[in-house]
Amino acid sequence: MKKKIATVWLAGCSGCHMSLLDMDERILDVLAVADIVKSPIVDGKKLPEVDVTVVEGAVGADEHIEEIKHIRKQSKVLVSLGDCAINGNISAMRNFYTVQDALERSYADSDTNDAPQIPGCEDILTLDKKVVPLHDIVKVDYYIPGCPPTGDMIFYVLNEILNDRVPDLQKEGGLKNG
Amino acid sequence: MPDKITISINGTEIKTEEGKSILSVCKENDIHIPVMCHFPGLTDVGACRLCLCEVKGYNKLLPACTTLVAENMEIQTHTEKLKEYRRVIVEMFFSERNHMCSICVANTNCELQDMATEVGMQHVRFPFLNQECAVDASHPKYVIDHNRCIMCTRCVRVCSEVEGAHNWDVKNRGYNARVISDFDQPWGESETCTSCGKCLNVCPTGALWAKGSVQGKLDKFPEKITDLIEKRGIH
Ligand code: SF4
Ligand code: SF4
Ligand code: FES
Numbered sequence: 001m002k003k004k005i006a007t008v009w010l011a012g013c014s015g016c017h018m019s020l021l022d023m024d025e026r027i028l029d030v031l032a033v034a035d036i037v038k039s040p041i042v043d044g045k046k047l048p049e050v051d052v053t054v055v056e057g058a059v060g061a062d063e064h065i066e067e068i069k070h071i072r073k074q075s076k077v078l079v080s081l082g083d084c085a086i087n088g089n090i091s092a093m094r095n096f097y098t099v100q101d102a103l104e105r106s107y108a109d110s111d112t113n114d115a116p117q118i119p120g121c122e123d124i125l126t127l128d129k130k131v132v133p134l135h136d137i138v139k140v141d142y143y144i145p146g147c148p149p150t151g152d153m154i155f156y157v158l159n160e161i162l163n164d165r166v167p168d169l170q171k172e173g174g175l176k177n178g
Numbered sequence: 001m002p003d004k005i006t007i008s009i010n011g012t013e014i015k016t017e018e019g020k021s022i023l024s025v026c027k028e029n030d031i032h033i034p035v036m037c038h039f040p041g042l043t044d045v046g047a048c049r050l051c052l053c054e055v056k057g058y059n060k061l062l063p064a065c066t067t068l069v070a071e072n073m074e075i076q077t078h079t080e081k082l083k084e085y086r087r088v089i090v091e092m093f094f095s096e097r098n099h100m101c102s103i104c105v106a107n108t109n110c111e112l113q114d115m116a117t118e119v120g121m122q123h124v125r126f127p128f129l130n131q132e133c134a135v136d137a138s139h140p141k142y143v144i145d146h147n148r149c150i151m152c153t154r155c156v157r158v159c160s161e162v163e164g165a166h167n168w169d170v171k172n173r174g175y176n177a178r179v180i181s182d183f184d185q186p187w188g189e190s191e192t193c194t195s196c197g198k199c200l201n202v203c204p205t206g207a208l209w210a211k212g213s214v215q216g217k218l219d220k221f222p223e224k225i226t227d228l229i230e231k232r233g234i235h
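Chain order of the listed sequences is L and P.
Residue 178, in the working numbering, is where the first sequence stops; the numbers in between run on with no holes.
Residue 235, in the working numbering, is where the second sequence stops; the numbers in between run on with no holes.
Since the hints were derived computationally from the structure, they do not count as laboratory data.
Among the hints, erroneous ones may be present.
As the list claims (entries may be wrong) - Here are some of the chain L residues that sit facing chain P, going by a computed Cβ distance under 8 Å:
{"#": "1", "residue": "Asp83"}
{"#": "2", "residue": "Ile86"}
{"#": "3", "residue": "Asn87"}
{"#": "4", "residue": "Gly88"}
{"#": "5", "residue": "Ile90"}
{"#": "6", "residue": "Phe96"}
{"#": "7", "residue": "Tyr107"}
{"#": "8", "residue": "Cys121"}
{"#": "9", "residue": "Thr126"}
{"#": "10", "residue": "Lys130"}
{"#": "11", "residue": "Pro133"}
{"#": "12", "residue": "His135"}
{"#": "13", "residue": "Val138"}
{"#": "14", "residue": "Leu169"}
{"#": "15", "residue": "Gln170"}
Quick reminder that beta carbons are idealized off the backbone N, C-alpha and C, glycines included.
Isolated chain L, as found in the complex (with noise of 0.2 Å):
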């Protein structure tokens, strides 16, 4: 039977997800052994069971820590993607500051706003007072450094779960892909 794979996003801004389309043609030989069935490049349907969930972004709100526990609850492997996911890294940055002084540098202070205005409407998340990883919250089974990943690296640790292997990063060059 051929398996589910979840890619979804947190507090990141994407670039792991453009690193998981950097595999190229080779998303052709992991569809040959799963299907992607949830991931914001695909659409954005409720979370089924599934075997591998890869994550990218940090935990930023408390929308996020349920978002996660859902994950992890869904997925027999979870994977962190990309350095927010493993450390916070740039998302986390926020946290030398309070929440105020964060979006007032955004969204109001910022020189190339014209039109200074703080969002605040109960659609949007509410910041939490910390960004945290992944591992914070919940058990990380897999974790693919980098800001972002390369392709290769994505493409490695997939291809290595899906055909029931276990991904062995050192032999990849470890953190050292930055």
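Since chain L is already given, all that's left is putting chain P with the ligands on it; use the hints.
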């Protein structure tokens, strides 16, 4: 002539001489021990703890860089316990200050990053401290970014032992410890700094760099400092 002695490292008998550190005996015998604060030619201080070894008869772990060999010493350098501790130490470096490699000048040319790979760190198991650290760009040519500093004190030692200027020193303890210029003044106002750039070249991370350095494009020449130390016959 120092006395000849026999020790054993990882079960292999080695003949050596008194007065040498465990680390230097290991180097002579091609046994690789991970180090961060050690720099060839500078006084060893045992700051980073990565080189910790097990020595039979001691219930404490001993740093290979500052522990001298002695007759009949039985040393283990790569037990499972040591490997796990080394990984913990590197993870603590990452959790203590702010290492966003993606926007760091030292990215892909960083001893800390290489060490993380070497010890098999894939993520940091401890909560990040998220401390706010200063970036001092007051020097006309150089910058110190305390976010990336791991308190190895190589800069302190090279400045004092090789350049003879002693601009750098250390204040506070634990995670509050910081490298300081003169008596904790902005680097640009230092009366002792000669702007020689030696500290930049021995710094293992992206904490010290020349203005104009770009993300991921830092050039460092630690081997030139080693060369200089050897030529001048320091120590
Ligand atoms: S100093 Fe090294 S480990 Fe720290 S952020 Fe820079 S590249 Fe990464
Ligand atoms: S500035 Fe660099 S050389 Fe100096 S203590 Fe920090 S990490 Fe070490
Ligand atoms: S190299 Fe020995 S403690 Fe740092």
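Hints versus structure:
1. At a threshold of 8 Å, the smallest CB-CB gap from Asp83 of chain L to chain P is about 6 Å, leaving the interface hint in force.
2. Because the beta carbon of Ile86 of chain L sits about 5 Å from the nearest beta carbon in chain P, less than 8 Å, this interface hint is met.
3. Interface hint at Asn87 of chain L: satisfied, since its Cβ lies 6 Å from the closest Cβ of chain P, which is below the 8 Å cut-off.
4. Interface hint at Gly88 of chain L: satisfied, since its Cβ lies 7 Å from the closest Cβ of chain P, which is below the 8 Å cut-off.
5. Hint status for Ile90 of chain L: holds, given a least beta-carbon distance of 6 Å to chain P, under 8 Å.
6. Given the 8 Å rule on beta carbons, the hint for Phe96 of chain L holds: about 5 Å separates it from the nearest Cβ of chain P.
7. Interface hint status for Tyr107 of chain L: violated, as the beta-carbon distance to the closest one in chain P is roughly 22 Å, over 8 Å.
8. Proximity of Cys121 of chain L to chain P is violated relative to the hint, the smallest CB-CB distance being about 28 Å (cut-off 8 Å).
9. For the restraint placing Thr126 of chain L at the interface with chain P, the shortest Cβ-Cβ distance is roughly 20 Å, beyond the 8 Å limit, so the hint is violated.
10. At a threshold of 8 Å, the smallest CB-CB gap from Lys130 of chain L to chain P is about 7 Å, leaving the interface hint in force.
11. Taking 8 Å as the C-beta contact cut-off toward chain P, the hint placing Pro133 of chain L at the interface holds, the least distance being around 7 Å.
12. Contact between His135 of chain L and chain P, as hinted, is supported at the beta carbon level, the nearest pair being about 6 Å apart and thus within 8 Å.
13. Look at Val138 of chain L: its Cβ only gets to about 13 Å from chain P, farther than 8 Å, so that hint breaks.
14. Because the smallest distance between the Cβ of Leu169 of chain L and any Cβ of chain P comes to about 6 Å, under 8 Å, the interface hint for this residue holds.
15. The restraint placing Gln170 of chain L at the interface with chain P holds, with a minimum CB-CB distance near 6 Å, inside the 8 Å limit.
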